[in-house]
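Engineer: Chains as they are written, first to last, in my numbering: chain X, 1 to 448; chain G, 1 to 448.
Please note: incorrect hints may appear among the correct ones.
The list treats identical chains as interchangeable, and a pair is accepted whether it falls inside one copy or across any two copies.
[Unchecked claim] Pairs of lysine-lysine, DSSO-like flavour, derived with a Cα cap of 30 Å:
#1 101 with 383
#2 196 with 101
#3 204 with 389
#4 386 with 220
#5 316 with 220
#6 389 with 196
#7 386 with 204
#8 220 with 389
#9 101 with 386
#10 383 with 199
#11 101 with 199
#12 383 with 61
#13 220 with 101
#14 196 with 61
#15 220 with 61
#16 316 with 383
Keep in mind the hints are simulated off the structure, nothing from the lab.
2 protein chains.
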Amino acid sequence: MASKVTPISGFQEWLPTERIAEQYFLDTIREVFELHGFASVNTRSVESVERLSSQGEDADKEIYAVRRLAAPADEQAEPTLGLHFDMTVPFARYVLENAGKLTFPFRRYQIQQAWRGERPQRGRYREFIQADIDIVDAGELPAHYEAELLLVIADVFARLPVGDYTIHVNNRKICEGFYLGLGIDDVIGTLRIVDKLDKIGPQKVAELLVANGLTDEQAKQCLALAEINSPDGSFVERVRALGVEHPTLDEGLAHLESVIATAAEHAPGVAIADLRIARGLDYYTGTVYETMLERDPGYGSICSGGRYDSLATDGKRTYPGVGISIGVSRLLGLLIGEEGLTASRETPVAVLVAVNDEDSRAESTRIATALRSRGIATLVAPKAAKFGKQIQFADRRGIPFVWFPGAGEDGSDQVKDIRSGQQSAADRSSWTPPQADLRPSLVSPTTD
Amino acid sequence: MASKVTPISGFQEWLPTERIAEQYFLDTIREVFELHGFASVNTRSVESVERLSSQGEDADKEIYAVRRLAAPADEQAEPTLGLHFDMTVPFARYVLENAGKLTFPFRRYQIQQAWRGERPQRGRYREFIQADIDIVDAGELPAHYEAELLLVIADVFARLPVGDYTIHVNNRKICEGFYLGLGIDDVIGTLRIVDKLDKIGPQKVAELLVANGLTDEQAKQCLALAEINSPDGSFVERVRALGVEHPTLDEGLAHLESVIATAAEHAPGVAIADLRIARGLDYYTGTVYETMLERDPGYGSICSGGRYDSLATDGKRTYPGVGISIGVSRLLGLLIGEEGLTASRETPVAVLVAVNDEDSRAESTRIATALRSRGIATLVAPKAAKFGKQIQFADRRGIPFVWFPGAGEDGSDQVKDIRSGQQSAADRSSWTPPQADLRPSLVSPTTD
Numbered sequence: 001m002a003s004k005v006t007p008i009s010g011f012q013e014w015l016p017t018e019r020i021a022e023q024y025f026l027d028t029i030r031e032v033f034e035l036h037g038f039a040s041v042n043t044r045s046v047e048s049v050e051r052l053s054s055q056g057e058d059a060d061k062e063i064y065a066v067r068r069l070a071a072p073a074d075e076q077a078e079p080t081l082g083l084h085f086d087m088t089v090p091f092a093r094y095v096l097e098n099a100g101k102l103t104f105p106f107r108r109y110q111i112q113q114a115w116r117g118e119r120p121q122r123g124r125y126r127e128f129i130q131a132d133i134d135i136v137d138a139g140e141l142p143a144h145y146e147a148e149l150l151l152v153i154a155d156v157f158a159r160l161p162v163g164d165y166t167i168h169v170n171n172r173k174i175c176e177g178f179y180l181g182l183g184i185d186d187v188i189g190t191l192r193i194v195d196k197l198d199k200i201g202p203q204k205v206a207e208l209l210v211a212n213g214l215t216d217e218q219a220k221q222c223l224a225l226a227e228i229n230s231p232d233g234s235f236v237e238r239v240r241a242l243g244v245e246h247p248t249l250d251e252g253l254a255h256l257e258s259v260i261a262t263a264a265e266h267a268p269g270v271a272i273a274d275l276r277i278a279r280g281l282d283y284y285t286g287t288v289y290e291t292m293l294e295r296d297p298g299y300g301s302i303c304s305g306g307r308y309d310s311l312a313t314d315g316k317r318t319y320p321g322v323g324i325s326i327g328v329s330r331l332l333g334l335l336i337g338e339e340g341l342t343a344s345r346e347t348p349v350a351v352l353v354a355v356n357d358e359d360s361r362a363e364s365t366r367i368a369t370a371l372r373s374r375g376i377a378t379l380v381a382p383k384a385a386k387f388g389k390q391i392q393f394a395d396r397r398g399i400p401f402v403w404f405p406g407a408g409e410d411g412s413d414q415v416k417d418i419r420s421g422q423q424s425a426a427d428r429s430s431w432t433p434p435q436a437d438l439r440p441s442l443v444s445p446t447t448d
Numbered sequence: 001m002a003s004k005v006t007p008i009s010g011f012q013e014w015l016p017t018e019r020i021a022e023q024y025f026l027d028t029i030r031e032v033f034e035l036h037g038f039a040s041v042n043t044r045s046v047e048s049v050e051r052l053s054s055q056g057e058d059a060d061k062e063i064y065a066v067r068r069l070a071a072p073a074d075e076q077a078e079p080t081l082g083l084h085f086d087m088t089v090p091f092a093r094y095v096l097e098n099a100g101k102l103t104f105p106f107r108r109y110q111i112q113q114a115w116r117g118e119r120p121q122r123g124r125y126r127e128f129i130q131a132d133i134d135i136v137d138a139g140e141l142p143a144h145y146e147a148e149l150l151l152v153i154a155d156v157f158a159r160l161p162v163g164d165y166t167i168h169v170n171n172r173k174i175c176e177g178f179y180l181g182l183g184i185d186d187v188i189g190t191l192r193i194v195d196k197l198d199k200i201g202p203q204k205v206a207e208l209l210v211a212n213g214l215t216d217e218q219a220k221q222c223l224a225l226a227e228i229n230s231p232d233g234s235f236v237e238r239v240r241a242l243g244v245e246h247p248t249l250d251e252g253l254a255h256l257e258s259v260i261a262t263a264a265e266h267a268p269g270v271a272i273a274d275l276r277i278a279r280g281l282d283y284y285t286g287t288v289y290e291t292m293l294e295r296d297p298g299y300g301s302i303c304s305g306g307r308y309d310s311l312a313t314d315g316k317r318t319y320p321g322v323g324i325s326i327g328v329s330r331l332l333g334l335l336i337g338e339e340g341l342t343a344s345r346e347t348p349v350a351v352l353v354a355v356n357d358e359d360s361r362a363e364s365t366r367i368a369t370a371l372r373s374r375g376i377a378t379l380v381a382p383k384a385a386k387f388g389k390q391i392q393f394a395d396r397r398g399i400p401f402v403w404f405p406g407a408g409e410d411g412s413d414q415v416k417d418i419r420s421g422q423q424s425a426a427d428r429s430s431w432t433p434p435q436a437d438l439r440p441s442l443v444s445p446t447t448d
């Protein structure tokens with residue numbers, strides 16, 4: 001295999017130390033998801049293209065189709081497969097396929113890769129990892145889940161060095177009711193235009209709204225609504241002050257007020273009501289979330305989702321759900337890729353067992369086995385080189401301890417902390433490294 | 001999304017309880033790999049088709065090509081991407097791409113999905129998980145690693161309910177040297193025919209060998225060699241008794257004898273020398289492994305690999321390696337899919353906190369937070385239903401404990417083991433479930 005080796009744009013790979021930092025994130029996310037009672041589901045990587053492309057006009061362009069290189073001609077008629085571009089569409093299919101075997105309300109987490117054939121750019125990859133939680137129920141879904149998901153995410157980010165962040169929450173019913181109360185018929189069209197506010201600014205949005213059939217006054221009111229945000233329930237009063245009335249608006253306001261109040265009690269400072277948040281995807285019907293890092297809001301949302309009432313339906317039964325997804329690859333593209341977050345060493349190994357000579361390799365292996373049986377990651381030196389070379393081998397990899405079989409004057413084993421140079425007698429059946437050295441830890445660029 | 005939901009042949013998905021059993025396997029494999037000093041690497045899912053298809057004529061047919069559904073016409077000329085069909089080829093590419101940033105000898109594990117477009121059948125999937133370890137060095141690779149990998153696998157399987165198994169080990173140099181000593185020129189051709197022994201039997205193999213230019217006597221000798229196996233070094237004498245001599249044969253015998261001796265010392269009963277093992281892939285150059293389950297050897301190898309001396313080369317430098325791969329999906333297709341191995345419950349949750357009435361949901365949430373902060377997976381009941389219904393909710397999911405806020409006569413919390421019915425006062429800041437109930441455990445069909 002001597003052909004040229006080239007990276008493929010949009011397909012990120014980490015070096016071993018970076019991968020250990022990534023694993024720390026993935027392990028923590030999984031741990032918190034499980035503590036909050038979510039069960040793991042992994043779905044196959046492929047869905048029928050038909051199912052994938054039913055999700056909106058934009059999705060279509062980004063789908064990666066998958067076909068056997070040597071598919072015979074008669075297979076061309078088969079339904080084409082595509083790689084999934086998120087976890088929500090496959091999960092909705094999984095729920096329908098297994099509805100009779102699942103217990104509802106069903107809480108699942110799903111940490112997997114997804115693929116989108118969009119143009120690679122900062123924070124956007126063609127292959128990426130997402131970590132999703134969703135709660136679906138059969139028939140009715142209690143509203144308190146929409147606040148609960150915020151608390152799970154707050155618990156995850158409390159354990160990871162992500163820096164300051166804010167979860168922006170809205171409820172689509174507020175926009176819908178407000179627009180209807182203003183006498184606007186094209187709710188979805190209006191929502192899509194207002195969604196461009198961050199990109200094109202209020203002036204352009206107003207122009208587009210008027211071009212779409214709104215009066216100047218209606219457009220002004222839509223923009224006034226989108227400008228409202230608050231970390232508490234005060235947004236309700238500000239919406240009321242705009243003087244628009246509609247039962248759907250009342251419903252949305254009460255709902256968002258309750259979500260924000262629950263978040264403020266259990267995870268203060270994490271969430272704000274932000275009435276400009278819309279989310280592009282058509283299937284959201286209630287609460288929607290987007291999460292921005294305070295130090296770089298323009299980087300894009302690192303955790304998004306919302307409530308969907310009719311994504312999973314088999315025609316007879318409907319399974320409403322609410323979900324939120326951490327964009328792990330996007331988040332780590334910034335933290336590891338740009339900011340230099342890393343791990344304390346490139347290997348899980350805490351102890352290198354030296355080899356005195358090749359004839360005594362078996363003895364070094366027995367020591368390693370004894371340490372491993374107590375959960376200490378241990379490596380036996382590859383060659384019976386001079387001890388200086390063996391210590392160098394450990395040092396290059398960041399392995400903190402080297403074990404010398406029978407090195408004591410009385411023939412006992414000795415262990416050396418190669419950072420301090422301190423060496424002392426050690427018993428293979430009881431010695432343990434300090435807790436902080438047992439596994440690699442995260443190293444932030446600012447605290448390094 | 002009301003379109004028809006159909007499984008896709010060869011793409012396995014588990015229900016939540018089965019997935020917990022799979023996670024137990026994946027976690028254990030990872031833990032042991034790390035204890036033995038392997039660092040995690042994940043490679044992107046795609047490689048250039050050119051690289052993938054350079055691995056032999058069979059590989060070609062099985063590759064899944066990947067292309068953007070809406071790729072513009074001018075993109076058709078780009079090199080086509082394909083999903084990787086194993087971890088070895090992507091890892092060899094990763095080593096070449098990052099050689100300057102890796103520390104050699106480099107030990108990595110890689111637990112990922114792979115895809116092969118072959119006909120789905122028992123134990124063979126189109127999407128499957130493999131768990132690989134490899135050790136590569138720059139220039140020279142010490143031989144003791146070939147024995148070490150066996151010990152890692154033995155350590156993995158000692159912690160999992162896989163049943164009795166045997167790792168069959170051979171060294172390609174034995175076959176090569178033996179064939180050359182017999183005066184056979186076409187070593188690879190002969191090896192490929194002998195590799196069919198299990199499928200077509202000795203009679204047919206002899207016929208094919210003769211058709212390929214061997215004398216009857218040469219064919220008889222090749223079969224005699226393939227029939228030799230032993231759990232110790234006695235195979236050497238039996239090969240010698242066949243009267244064939246060649247320096248490469250001597251080298252291979254000495255090498256295999258040493259691997260078997262090391263395995264017998266550190267993991268007795270696990271490995272046997274079996275001179276019929278050849279492995280289909282061309283890139284193996286020394287030791288080769290295959291692992292059979294005693295209760296169903298015909299199911300195929302669940303753990304295979306070998307030494308490759310020139311898979312990773314950039315023309316200037318060569319990185320010889322040795323690797324072994326657990327076929328996780330194949331193994332679990334038997335254990336979970338056919339034999340009924342499962343988990344003790346369908347959720348990580350150990351405790352359900354009851355809700356007295358919707359107004360006190362916040363109090364139940366605070367209790368859950370206190371339990372989670374001490375590592376106990378906890379769920380708050382979805383509705384303030386009658387306690388009987390809330391207990392039923394836990395029972396249906398296999399959740400062992402239900403927590404009743406303020407249920408004691410003195411207003412203290414109470415916790416009930418719903419299996420025994422025993423209920424007692426409990427402090428949210430100190431109570432813990434028995435270790436065996438903290439997480440779901442594996443349940444074997446035979447011990448159930």
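Engineer: Hint by hint, note whether the structure agrees.
Structural biologist: Each hint tested on the structure:
In this homomeric assembly, residue 101 and residue 383 come within 30 Å of each other (Cα to Cα) only across copies, at 22 Å, whereas the closest approach inside a single copy is 55 Å. Proximity of residue 196 to residue 101 under the C-alpha cut-off of 30 Å is found in neither arrangement, the shortest distances being 42 Å within a copy and 43 Å between copies. With identical chains, the CA atoms of residue 204 and residue 389 are never at most 30 Å apart, being 67 Å at best within one copy and 55 Å at best between copies. For the homomeric pair residue 386 and residue 220, neither the shortest alpha-carbon distance inside one copy (79 Å) nor that between copies (50 Å) is at most 30 Å.
Taking CA atoms no more than 30 Å apart as the test, residue 316 paired with residue 220 passes in neither setting, with 42 Å inside one copy and 68 Å between copies. Taking the shortest Cα distances, residue 389 and residue 196 never come within 30 Å of each other, neither inside one copy (61 Å) nor across copies (47 Å). In the homo-oligomer, the alpha carbons of residue 386 and residue 204 never lie at most 30 Å apart, since the shortest distance is 72 Å inside one protomer and 55 Å across protomers. Neither within a single protomer nor between protomers do residue 220 and residue 389 lie at most 30 Å apart by alpha-carbon distance, with minima of 74 Å and 51 Å respectively.
Within a single copy, residue 101 and residue 386 get their C-alpha atoms only as close as 62 Å, which misses the 30 Å cut-off; across copies the closest is 25 Å, which meets it. Taking the shortest alpha-carbon separations for residue 383 and residue 199, neither the intra-copy value of 60 Å nor the inter-copy value of 42 Å comes in at or below 30 Å. Taking the closest pair of Cα atoms, residue 101 and residue 199 never come within 30 Å of each other, the shortest separation being 45 Å inside a single copy and 39 Å across copies. With identical chains, the CA atoms of residue 383 and residue 61 are never at most 30 Å apart, being 54 Å at best within one copy and 42 Å at best between copies.
Taking the shortest Cα distances, residue 220 and residue 101 never come within 30 Å of each other, neither inside one copy (51 Å) nor across copies (57 Å). In the homo-oligomer, the alpha carbons of residue 196 and residue 61 lie at most 30 Å apart inside one protomer (20 Å), although the nearest pairing across protomers, at 47 Å, exceeds that limit. For a Cα distance limit of 30 Å, the shortest separation of residue 220 from residue 61 qualifies neither inside one copy, at 34 Å, nor across copies, at 61 Å. In this homomeric assembly, residue 316 and residue 383 come within 30 Å of each other (Cα to Cα) only across copies, at 25 Å, whereas the closest approach inside a single copy is 68 Å.
Of the numbered hints given earlier, the model fails hints 2, 3, 4, 5, 6, 7, 8, 10, 11, 12, 13 and 15; all others are met.
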